[in-house]
Amino acid sequence: MSLLLSIQNIGKAYRVYRSESRRFASWFGLPAKPSEEHWVLRHMSFEVHSGEAVGIVGQNGAGKSTLLKMIVGTLKPTEGKVQINGRIAAILELGMGFNPELTGRQNAIHALGLMGFNAEEVHKIIPKVEEFSEIGEYFDEPVRTYSSGMQMRVAFAVATAYRPEILIVDEALSVGDTYFQHKSFSRIREFQEQGTTLLIVSHDRSAIQSLCDRAIMLENGLVVKDGNPEEVFDFYNAIIAEKENSTVEVKQLESGKVQTSSGTGEAKVEEIGLYNNKGDAVEVIGVGDQVELRVTVKVCQEIETLVLGYSIKDRLGQVMYGTNTWHTEQIINHPQAGDRYMFKIAFPANFGIGSYSVQTALVDRDTHLTANYEWIDLALVFNVININKIFFLGCLWNESTILIEELDK
Amino acid sequence: MFRDLYKYRNFIIQSVRNDLISRFSRSKLGGLWAILNPLSQVLIYALILSNVLAAKLPGVDSQYAYAIYLMAGLLGWTLFNEIVGRCLNIFIEHGNLIKKMSFPRVTLPAIAVGSCLINNLFLFISMLGIFALLGHQFNMAMLWLIPLTLVVVVFSLGIGLILGVMNVFLRDIGQVIPIILQMLFWFTPIVYPVTIIPEVYRHWLNLNPMYPIIDAYQQILVYGNSPQWEGVLTILAAGIILSIVGLFMFRRSSAEMVDAL
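Each protein sequence line maps, in turn, to chains S and U. Residue numbering for the first sequence is -5 to 403, as defined by our numbering. Residue numbering for the second sequence is 8 to 268, as defined by our numbering.
No wet-lab data here; the hints were simulated from the structure. None of the values given here were measured: they were computed from a predicted structure.
Covered, in the sense of this in silico footprint (three residues per stretch, anywhere, with C-beta under 8 angstroms from a C-beta of chain S), are these stretches of chain U:
(1) 9 to 20
(2) 25 to 31
(3) 108 to 121
(4) 169 to 179
(5) 261 to 268
Ideal Cβ positions, reconstructed from N, Cα and C, are used throughout, including at glycine.
Next comes chain U alone, as it looks inside the complex:
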């Protein structure tokens, strides 16, 4: 499987590029849309919620603190959400191709991850620009984002693969997962600080796998701290296990998958 990935590396790179080209080829703003979409989300939340929540953000005295906090969380969430969402439908989307042509199918999730990473990079760069405007400087702690991004990729790829394979046979999964993701988004402290959750209920957050990840993004981008590795490493371990299970299911199902597409 990994040898196939290496052999088809040019194809994967080419496909990621084609993906970008075709998405924006006939729009005036082109690649800007990849950034404008999450940023407009930031703007909406900032406008609506900043007055309610800004005061409760501890430890930062900038008046734009809430906007920065939002962007930090969204950077991590977007990557997770996008990879899971793409993997979920990737085999169905390319069903015709899979049925007609013989090529290593493992390249499909690789292409999806590749283009999600590029989007995330664009988003990060534009966020840095906005940070600078708001007077929030680049700091060395941001380098921690590189390993953190990898952890998110492994974790979301694992989940995405398992769901994507199952979705081929049980199409309900493709319908229910976006709802679950939406719920998970609101159960994760992204648009609100942890502190607004009453102390009594806060331990429930530990059941949310995205909490340590998003917290790490916020620690790095908002406070310039290095993240709390304990939680992140747990997610990494879980991600590795999920990815192995996902790849195993992908392999086992590949013969039947064509029949069901």
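With the rest of the complex left out, here is chain S:
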């Protein structure tokens, strides 16, 4: 694991001068103080090693693109240093600089030149670009005749023609048809296996959790969280819900996982437990068992409406199932301070073998964005084992009957 990228206390300021002549004067070393400095990002440091896959998350304006531009090198940090050992390729500029009058081939040659490859390297890789993009004879037609998906294909093939040490993947990846998406994803994974470091920017939790082994969350130009993706996304959700008087609490569970809870505290989960059909509290259940999730909620302050939401997540944090009492039309109206409710949620445990967690949310309506009384990730953890079912793979118990008909014998 060699150090590939090292961000050392970088900051970026946009400077406004009272007049542009002062700016010109400042280049010639004359003392000209900018009248305004606007820091979009400051005191940011982290390191990335080879083979890591790092997701970068954060709300709009958190500084993600500024950071990426500084890593790519188009933007120079005002202070601090970005150190890179190896070549960077970015899929965020897909199709950038494509000239519509030129053919796909000419554009590919041009773009590879722009990336700094010499004539020989370009010449050698062009057939592979043509092959990977799979657009057939169109490769020698002007790009203006392309559909946007075809343009994307060529652009992706060019950007990933040679394996870079660092590959930056933007949301842009979700364009193109499903077939090509799979193809490009498998190329990215292939690179990763060969040691390429991935930096992925996305709001898509499942994309990041399936590709990344680390996530960094930015907020107001600072790294506020750096850890495993599940933990960071839980924190991210909590931050989104954060309002006035709201608190975010993070604590380490016995299992080593990190529980994030947040909320304004008008209502709280007092107790949560999973019970089997005999009424005993259990932590281990069998596939297909009928179980009941009991959540006791206490109202601490008078509120308009109370809605309980829950979801069951697998070990990677992917949601297996989740709903809330808004959708089931069981909203509690005008609960008073001191009221207590028990929600009994019964369901069959039709899950595959593994460890699952329950996340709860006490909110006012269908999302936690308008009011978030309390949000707890990893409120409860349980294990599913296969006791009496036939062997199966996957995270869903979806028992089938297989009928074999003899056609010719």
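Once you have looked at the hints, place chain U on chain S.
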């Protein structure tokens, strides 16, 4: 900076070629337009002004002298005008690319100069053709055009870079420079001979940096003389200084340039 230029030499050559291809790819006459444009200008001036001015052109007895004189001046002016004009907007034009991709930005003016030079070469060749038709033969003095072209490139690149960098931050420059260039064109003896300027005012011409250059073009192409080097060398010196200042400003501004684009 110069190492980057060398490393990206293939890219620059490729880009100059792409520039030509894309400009003419969907026009029937293709590359001919690069020549037809200045030549039609020659035709217009020749038609309108030849009767007024032809008589006053000293030292040449050909009836087409005025047309040749015009073309000589325009060959030099077009190169200067084109390089300054391209450099002026080059960073703004490629703003998106500069913001998104990391590549040596110094290649951009290099590409611009490259494609301007190719255009100028085409123009020169077609002018030679017309000269031959008008009975004006090729002469060895025309070889002086090679160093002279270099002087024009250095001078106009220097001016273009300085203005191009400033234009990113102060967009008024992009608007005002074409006007100034237009004025400079008419203050330079290109469509008229120096002799029509009254003697009393003629020394003002020495303040015009394009005068020695255009004069050199006319000396070479019209009279077959070697140019007056004193003036040309002064411009070369000025061009070198301007280019150094331009490159210095380009380097100093490159961090802030992306912010302003």
